[in-house]
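2 protein chains.
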Amino acid sequence: MLLCDIGNTSYHFLSEFDSFKKDVKRFDPSEVKHKIYYISVNKKVEVKLKNLPNWIEISSHLDKTKYYKTMGVDRMMALEAIESGIIIDAGSAITVDVKRGGVFEGGFIYAGVSAMSQTYKKISNALDYEFNFDIDLEKLPKNSQDAITYGYLKTLYCEVVSHKMEIILTGGDAQKFTKIFKEARVDEHLVFKGMQKIIFNFY
Amino acid sequence: MLLCDIGNTSYHFLSEFDSFKKDVKRFDPSEVKHKIYYISVNKKVEVKLKNLPNWIEISSHLDKTKYYKTMGVDRMMALEAIESGIIIDAGSAITVDVKRGGVFEGGFIYAGVSAMSQTYKKISNALDYEFNFDIDLEKLPKNSQDAITYGYLKTLYCEVVSHKMEIILTGGDAQKFTKIFKEARVDEHLVFKGMQKIIFNFY
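Listed in order, the protein sequences are those of chains W and H. Using the working numbering, you'd call the opening residue of the first sequence number -3 and step up by one each time. Using the working numbering, you'd call the opening residue of the second sequence number -3 and step up by one each time.
Next comes chain W alone, as it looks inside the complex (with noise of 0.2 Å):
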């Protein structure tokens, strides 16, 4: 059985064996022969995948009333994955999500690392640093790489860890996170977990 998340960016994909990224500008979903249970935030994908019967969109057995119309499904498929946490789904947005109890209570969209780090430059060519994961939060910048980076993180961080719940960290920058959310758990394949628990109850 093969899952495939589609995201802006990429087509993620979970094996039995491994889990593996496609570009959505180069890859042809139509190469792709077996049956594969996909979700998709990404409206042009969708349109070529309409057409292609071994690509079965699974998001309609999905409850939606718990979440809200516009909500992202692989926002909602991580959320089927857990009981209780904060999840930072850290890939060219930042999803951040609260379930408590069974129940979701709603979430904000933070900008990614790399759509971020291009805003700075944009603003000023003075402000074109990488980040800098390594920053300590808990002092307050001397310098413009930690000024941006401290704007960015800092911020994110404090309103995450008010919630003092669980957090699990998931996505494609999940580990470039964990150096800033340290008490964080990553579980890298949550949305795919959410998936399989659809899966299991209807195919």
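It should be emphasised that the hints constitute simulated quantities derived from the structure, not laboratory data. Errors might be hidden in some of the hints.
No copy is singled out in the list; a pair is fine if it fits within one copy or between any two copies.
Stated by the list, open to error - DSS-like cross-link-like pairs, simulated, lysine-lysine; straight-line CA separation at most 27 Å: (1) Lys193 with Lys135; (2) Lys193 with Lys21; (3) Lys44 with Lys193; (4) Lys17 with Lys172; (5) Lys62 with Lys21; (6) Lys118 with Lys44; (7) Lys40 with Lys62; (8) Lys138 with Lys31; (9) Lys21 with Lys117; (10) Lys118 with Lys21; (11) Lys189 with Lys46; (12) Lys18 with Lys62; (13) Lys160 with Lys18; (14) Lys29 with Lys17; (15) Lys29 with Lys138; (16) Lys62 with Lys138; (17) Lys60 with Lys138; (18) Lys46 with Lys135; (19) Lys46 with Lys31; (20) Lys172 with Lys117.
Chain W is fixed; fit chain H onto it per the hints.
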């Protein structure tokens, strides 16, 4: 006496009678024949001003050892105007600086409203919303507009109020941010007040 604070996007003037802005790309500084005391974080503009004798750069009189090397002089000037507090200067970038008992403790840089709005839009068309400054930040969002607004504003709010100091709002977007920082004092002339102190001492 004419004062001018030059940022990434505009010349901000203060005369005896009013304050006004000119676009950095369109305004020709040689048009002004009066004596102007200025500071600038805009390298391109600085080159133009070097040959105009009526434009007098005043940041050289500042004791910069209190701050850090690559810090914008506008931030320093705003800090010169207060004894204690946390200054939010909301322009194309948002700078947040802390001063306690006359001592600069450090500061950070966040993306401005316009830059951040572009960032979400670039990540995905599904995130192309205006920020909702009337949002209730006490509640986790359950719609896309509030999800990006909360991501952008609650994170900043959380970090700023954690310092438990008087908040002073300045910069072009100061009024917008009063909706989020309801406890803040607005002082749109904070940078000019710092500049006036320097001028009073040295000219």
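Tested hints:
{"no.": "1", "hint": "Lys193 with Lys135", "result": "neither (43 Å within a copy, 29 Å between copies)"}
{"no.": "2", "hint": "Lys193 with Lys21", "result": "neither (29 Å within a copy, 56 Å between copies)"}
{"no.": "3", "hint": "Lys44 with Lys193", "result": "within (26 Å within a copy, 64 Å between copies)"}
{"no.": "4", "hint": "Lys17 with Lys172", "result": "within (18 Å within a copy, 41 Å between copies)"}
{"no.": "5", "hint": "Lys62 with Lys21", "result": "neither (32 Å within a copy, 50 Å between copies)"}
{"no.": "6", "hint": "Lys118 with Lys44", "result": "between (33 Å within a copy, 22 Å between copies)"}
{"no.": "7", "hint": "Lys40 with Lys62", "result": "within (26 Å within a copy, 53 Å between copies)"}
{"no.": "8", "hint": "Lys138 with Lys31", "result": "neither (54 Å within a copy, 34 Å between copies)"}
{"no.": "9", "hint": "Lys21 with Lys117", "result": "both (25 Å within a copy, 18 Å between copies)"}
{"no.": "10", "hint": "Lys118 with Lys21", "result": "both (24 Å within a copy, 16 Å between copies)"}
{"no.": "11", "hint": "Lys189 with Lys46", "result": "within (24 Å within a copy, 62 Å between copies)"}
{"no.": "12", "hint": "Lys18 with Lys62", "result": "neither (31 Å within a copy, 50 Å between copies)"}
{"no.": "13", "hint": "Lys160 with Lys18", "result": "neither (36 Å within a copy, 47 Å between copies)"}
{"no.": "14", "hint": "Lys29 with Lys17", "result": "within (17 Å within a copy, 61 Å between copies)"}
{"no.": "15", "hint": "Lys29 with Lys138", "result": "neither (55 Å within a copy, 38 Å between copies)"}
{"no.": "16", "hint": "Lys62 with Lys138", "result": "between (45 Å within a copy, 10 Å between copies)"}
{"no.": "17", "hint": "Lys60 with Lys138", "result": "between (46 Å within a copy, 12 Å between copies)"}
{"no.": "18", "hint": "Lys46 with Lys135", "result": "neither (51 Å within a copy, 37 Å between copies)"}
{"no.": "19", "hint": "Lys46 with Lys31", "result": "within (14 Å within a copy, 68 Å between copies)"}
{"no.": "20", "hint": "Lys172 with Lys117", "result": "both (20 Å within a copy, 24 Å between copies)"}
Violated hints, listed in ascending order, are 1, 2, 5, 8, 12, 13, 15 and 18; each of the other numbered hints is respected by the structure.
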